[in-house]
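Visitor: Here the protein sequences line up with chains A and B, keeping their order. For the first sequence, this note's numbering gives the first residue as 26, with consecutive numbering after it. For the second sequence, this note's numbering gives the first residue as 26, with consecutive numbering after it.
Don't take every hint at face value.
Note that the list lumps identical chains together, so a pair holds whenever it fits in one copy or between two copies.
Claimed, not checked - With a Cα cut of at most 25 Å, we get these calculated PhoX-like pairs of lysine-lysine:
#: 1; residue 1: Lys545; residue 2: Lys376
#: 2; residue 1: Lys285; residue 2: Lys160
#: 3; residue 1: Lys621; residue 2: Lys317
#: 4; residue 1: Lys488; residue 2: Lys239
#: 5; residue 1: Lys488; residue 2: Lys127
#: 6; residue 1: Lys419; residue 2: Lys402
#: 7; residue 1: Lys545; residue 2: Lys160
#: 8; residue 1: Lys160; residue 2: Lys510
Derived from the structure by calculation, the hints contain no laboratory data.
There are 2 protein chains.
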Amino acid sequence: MFRSHTCGELRLDNAGTEVTLAGWVQTVRKFGAITFVDLRDRYGITQLYFNEDLNPQLDAEPLGREFVLQATGKVIERSNKNPNLPTGEIEILVQSFTILNKSAVPPFSIQDDTDGGDDVRMKYRYLDLRRNVIKKNLELRYAVNRATRDYLHGQGFMDIETPFLIKSTPEGARDFVVPSRMNEGQFYALPQSPQTFKQLLMVSGYDRYYQIVKCFRDEDLRADRQPEFTQIDCEMAFVEQEDILVMFEGLIKSIFKQVKGIDYADAVERITWEDAMWHYGNDKPDIRFGMKVANLKSAFNKGGEIVATGELINGADFKVFDEAETVLAIAVPGAAEWSRKQTDELTEWVKRPQIGMKGLAFIKCNADGTYKSSIDKFYSEEKLAAIAQFANAKAGDLILILAGAEERTRKAISDLRLELGERMGLRKKDEFRLLWVMDFPLFEYAEEENRWVARHHPFTSPKPDHIQTMIMNDPFIMSAVDYLKHPYATIKANAYDMVLNGNEIGGGSIRIYQRELQEKMFAALGMTEEEALHKFGFLLGAFEYGAPPHGGIAFGFDRLCAILGGSESIRDFIAFPKNNSGRDVMLDAPATIDEKQLKELSIRLSEL
Amino acid sequence: MFRSHTCGELRLDNAGTEVTLAGWVQTVRKFGAITFVDLRDRYGITQLYFNEDLNPQLDAEPLGREFVLQATGKVIERSNKNPNLPTGEIEILVQSFTILNKSAVPPFSIQDDTDGGDDVRMKYRYLDLRRNVIKKNLELRYAVNRATRDYLHGQGFMDIETPFLIKSTPEGARDFVVPSRMNEGQFYALPQSPQTFKQLLMVSGYDRYYQIVKCFRDEDLRADRQPEFTQIDCEMAFVEQEDILVMFEGLIKSIFKQVKGIDYADAVERITWEDAMWHYGNDKPDIRFGMKVANLKSAFNKGGEIVATGELINGADFKVFDEAETVLAIAVPGAAEWSRKQTDELTEWVKRPQIGMKGLAFIKCNADGTYKSSIDKFYSEEKLAAIAQFANAKAGDLILILAGAEERTRKAISDLRLELGERMGLRKKDEFRLLWVMDFPLFEYAEEENRWVARHHPFTSPKPDHIQTMIMNDPFIMSAVDYLKHPYATIKANAYDMVLNGNEIGGGSIRIYQRELQEKMFAALGMTEEEALHKFGFLLGAFEYGAPPHGGIAFGFDRLCAILGGSESIRDFIAFPKNNSGRDVMLDAPATIDEKQLKELSIRLSEL
């Protein structure tokens with residue numbers, strides 16, 4: 026061992042002990058004949074004190090930043106203590122030292138507020154990983170890993186490894202493929218998730234499975250997407266939806282406790298997908314703050330009760346509202362006092378192309394009970410009061426109203442709500458609010474192909490009382506414009522997402538476990554019988570030999586870690602991430618390969 | 026939840042309780058109006074008792090093997106107890122039941138001694154996985170996984186994920202490659218091991234790293250090799266070889282304890298590679314039994330002492346020994362009494378093409394102190410006595426002698442020793458003996474290319490006092506015949522293998538951490554400077570910025586599990602293995618892919 030202690034563990038109690046430390050030179054400071062070195066390792070920083078006796082050696086072998094140094098000496102009390110450092114009460118009076126390895130001058134400073142840009146830090150990722158901020162992220166990631174395994178182990182789950190070289194079944198996302206040398210002209214695919222394998226394990230009787238596992242998707246990379254990413258993948262047999270919700274609330278709460286020391290005592294709230302869309306304009310609402318969306322126009326049939334009919338705004342001869350498909354409002358608490366400049370700025374904000382609205386109407390609910398509005402030409406004080414009441418606005422609030430086509434307006438009000446939450450400090454980084462979003466539609470309409478696609482995946486079960494609707498109706502869509510009138514549009518799935526602070530951190534479903542229903546699902550998605558057999562014959566086969574009821578969930582491990590670490594970027598929580606073109610700039614990969622390799626694989630490059 | 030209890034947990038204490046179980050029908054037995062069903066799940070088997078009231082339902086919906094059944098009833102004491110079953114004292118008096126799913130008749134029986142052949146079991150792997158023997162294997166695998174993580178976590182190791190889409194660096198084994206769609210004409214490679222990444226993590230300061238990780242090698246598959254396999258991959262910084270040996274003995278002992286309940290109190294024996302080759306003919310000796318090899322001819326210079334000079338056998342005018350490069354003997358304890366038929370059979374055994382020897386000489390060391398030998402025409406009683414003494418034979422032992430070319434004879438005596446150990450019951454499945462084999466040669470000679478290759482890998486450090494030999498000598502091999510005279514042939518590595526019961530379960534080394542030495546190593550392996558930079562520029566770069574001394578080890582996780590499970594075959598310890606052609610016969614993968622996929626990847630198939 027090159028050291029007797031780490032650079033993080035010595036305290037005043039150790040004074041007088043002879044120790045050997047090894048680590049990296051963080052700083053070298055000379056005061057006359059005396060030299061101080063901050064020596065850094067994974068565990069901390071300890072100050073080394075070189076007195077003048079060592080100057081001949083220091084002159085002969087000068088120390089530099091990031092040199093690897095081994096030093097032996099005595100722990101002594103510091104005269105000038107540093108209360109910000111756990112080791113700040115002591116230093117090492119160095120008796121001898123050895124430079125274990127030199128370092129060139131690093132291309133950026135190894136500090137929290139580094140001077141290195143993104144590109145250079147990615148190229149020298151091994152240096153970037155030395156920075157304390159990144160180290161803390163990877164430590165947090167490991168803590169989440171450990172907490173996950175501890176909880177699931179305690180609940181009887183087994184980690185079972187599923188294969189990486191599998192079969193390409195192009196559904197949804199694109200597969201990465203791997204040419205097989207031994208099976209000429211054939212390819213493996215890398216798994217987008219172990220979905221079918223974990224279902225087979227349920228058929229095999231391993232009723233509680235989990236894995237923390239790499240998955241692969243060859244998608245055009247948006248910011249903060251990685252071609253390889255990690256999932257906490259779980260499946261259970263002989264369970265109903267409720268069992269899964271309870272089990273995995275438990276997982277996340279246990280992670281909160283073990284990793285962040287947070288007791289999440291509250292019950293996890295639940296909302297249907299439909300309510301989420303109506304009340305937040307969004308299927309992953311951030312419920313750390315209110316400002317729910319009020320729908321001033323479209324009839325919303327909620328359990329037989331019509332929530333809005335448009336009567337609040339109709340008949341006022343205000344064309345913008347009259348002609349709009351949707352009119353949505355939020356009440357911003359305490360914002361009635363906002364200046365003209367502020368509301369103008371917000372108007373500009375919603376008119377930006379990313380949001381794409383034509384304008385923003387507002388109603389100020391003054392403290393004295395009066396109203397002032399950008400639309401009071403059209404609406405009487407009584408009307409404004411009625412709108413305010415409907416939008417749950419109180420005296421002192423500012424009501425913001427957007428109008429336009431349904432989908433765009435809904436997204437805009439959601440973006441506006443989040444932006445205001447951000448600006449008003451309501452999205453606190455140290456506050457964590459979980460939410461189950463449930464009862465998703467089973468199908469989505471794919472416009473380009475005029476067919477149904479699975480909203481979650483083709484293995485998700487419809488709600489039991491919607492199975493008949495699926496079985497009894499032909500998936501064929503007669504009129505693309507009226508696709509919403511097709512019975513399939515009403516089918517809800519036994520699917521659920523877990524949302525944390527406005528981010529989807531996991532999603533799952535109860536699965537189909539009957540061959541006939543699974544075949545109907547494949548047919549609904551436009552697969553011929555032959556295709557279904559070619560791609561998923563093994564699963565259909567398995568369902569013939571006693572498949573139990575089962576369901577599961579998968580959490581996006583990278584994102585979960587990022588959110589727990591208070592960051593938006595998953596890349597900072599991955600040791601060796603790829604850039605937005607899917608390149609590892611440190612390795613310089615992908616790269617060309619030898620002609621010999623291509624030949625062995627029986628493939629050629631297309632002429633470029 | 027579809028059950029209140031599992032099929033493995035009910036005992037006599039539970040009598041009187043109303044319970045609901047769910048599982049698979051193992052057997053259905055009818056006795057007159059009464060029906061017994063053994064219901065099976067992951068946790069065990071419980072007997073269900075259907076009385077005549079249920080016969081109408083049983084007649085309407087007959088139960089069959091592997092049906093998924095949910096049954097509610099009362100726990101009652103069994104009249105006819107089964108002491109072989111943990112639940113054997115009770116049964117469930119069924120009040121109601123539901124068939125959750127039917128099953129076709131399985132293609133083989135779901136029993137320990139199944140009637141299914143290898144092919145059909147692989148095709149229906151999801152049914153094979155239901156068998157108790159396979160389930161026990163996967164449970165053992167998970168227990169080893171868990172024990173590994175517990176130990177390493179306790180020692181301050183961090184699980185850090187390394188990437189799967191990396192760069193192809195064809196050294197040694199062949200890479201699997203992955204065409205990149207976004208980077209036309211370029212390919213990722215799947216890692217053969219995270220070797221360079223774990224070294225970078227050491228450079229980054231994460232001084233204790235581990236991962237249980239999938240690795241990939243596109244090799245022609247021998248029996249019991251898999252294209253994807255799992256490693257326990259570990260690395261430490263600021264350590265010397267001794268620190269690593271102690272740390273990972275601790276890991277394996279901890280696995281023994283946690284998984285098998287074995288206290289492995291003995292110190293782990295150590296042997297140099299040279300001694301292993303001479304005393305066992307093998308670099309992974311099984312030390313559960315003795316029968317060490319005696320080398321009757323070649324001078325063996327062991328630390329200055331010549332161990333054998335050939336004087337025992339020379340000058341007797343026995344041409345077979347005189348002309349042989351090597352003459353090796355083992356003494357089989359208590360075998361002097363073996364019949365002529367037995368020694369003849371052994372002679373046939375060594376003459377088989379797999380062994381390839383021309384014959385077998387023997388010396389019986391009779392109980393009365395006399396000797397009888399197949400070669401006593403040439404050797405006097407005194408000479409035989411001297412040979413017997415040298416071979417450590419006692420009265421009652423049988424000495425077996427093989428002669429021939431060195432490499433073949435050495436391998437043959439090793440095979441013979443293992444075969445005899447097997448036949449004599451000395452290789453006990455429940456005995457575990459660990460051994461470190463150390464001081465491997467740094468280089469191996471590659472005959473076809475007349476150059477040096479790395480025996481372990483190009484990142485392994487020479488022993489400190491051999492570094493000069495490497496630096497001061499040109500790798501060029503003037504005469505292929507005399508390659509053993511090249512100074513490189515004498516260089517030993519700081520490398521070590523852990524051997525368990527004659528199987529290499531892990532191997533590692535102290536790594537090179539200086540750029541100059543690493544460059545010299547790449548040059549020694551015949552890489553040009555340009556090639557070295559193209560392939561490993563990132564590592565050479567990292568070594569310039571303060572790389573600490575480091576080393577590590579990787580264990581073959583699949584094999585470790587198989588040995589702990591008392592099996593030779595790793596395939597039985599992998600949930601979804603591939604066959605010897607690298608195919609997953611259940612999935613029918615690899616498979617052809619769409620023309621559209623090929624086009625997107627800018628590749629074409631070669632004309633076949």
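Visitor: Please flag the earlier hints that this structure goes against, numbers listed from lowest up.
Guide: 1, 3, 4, 7 and 8
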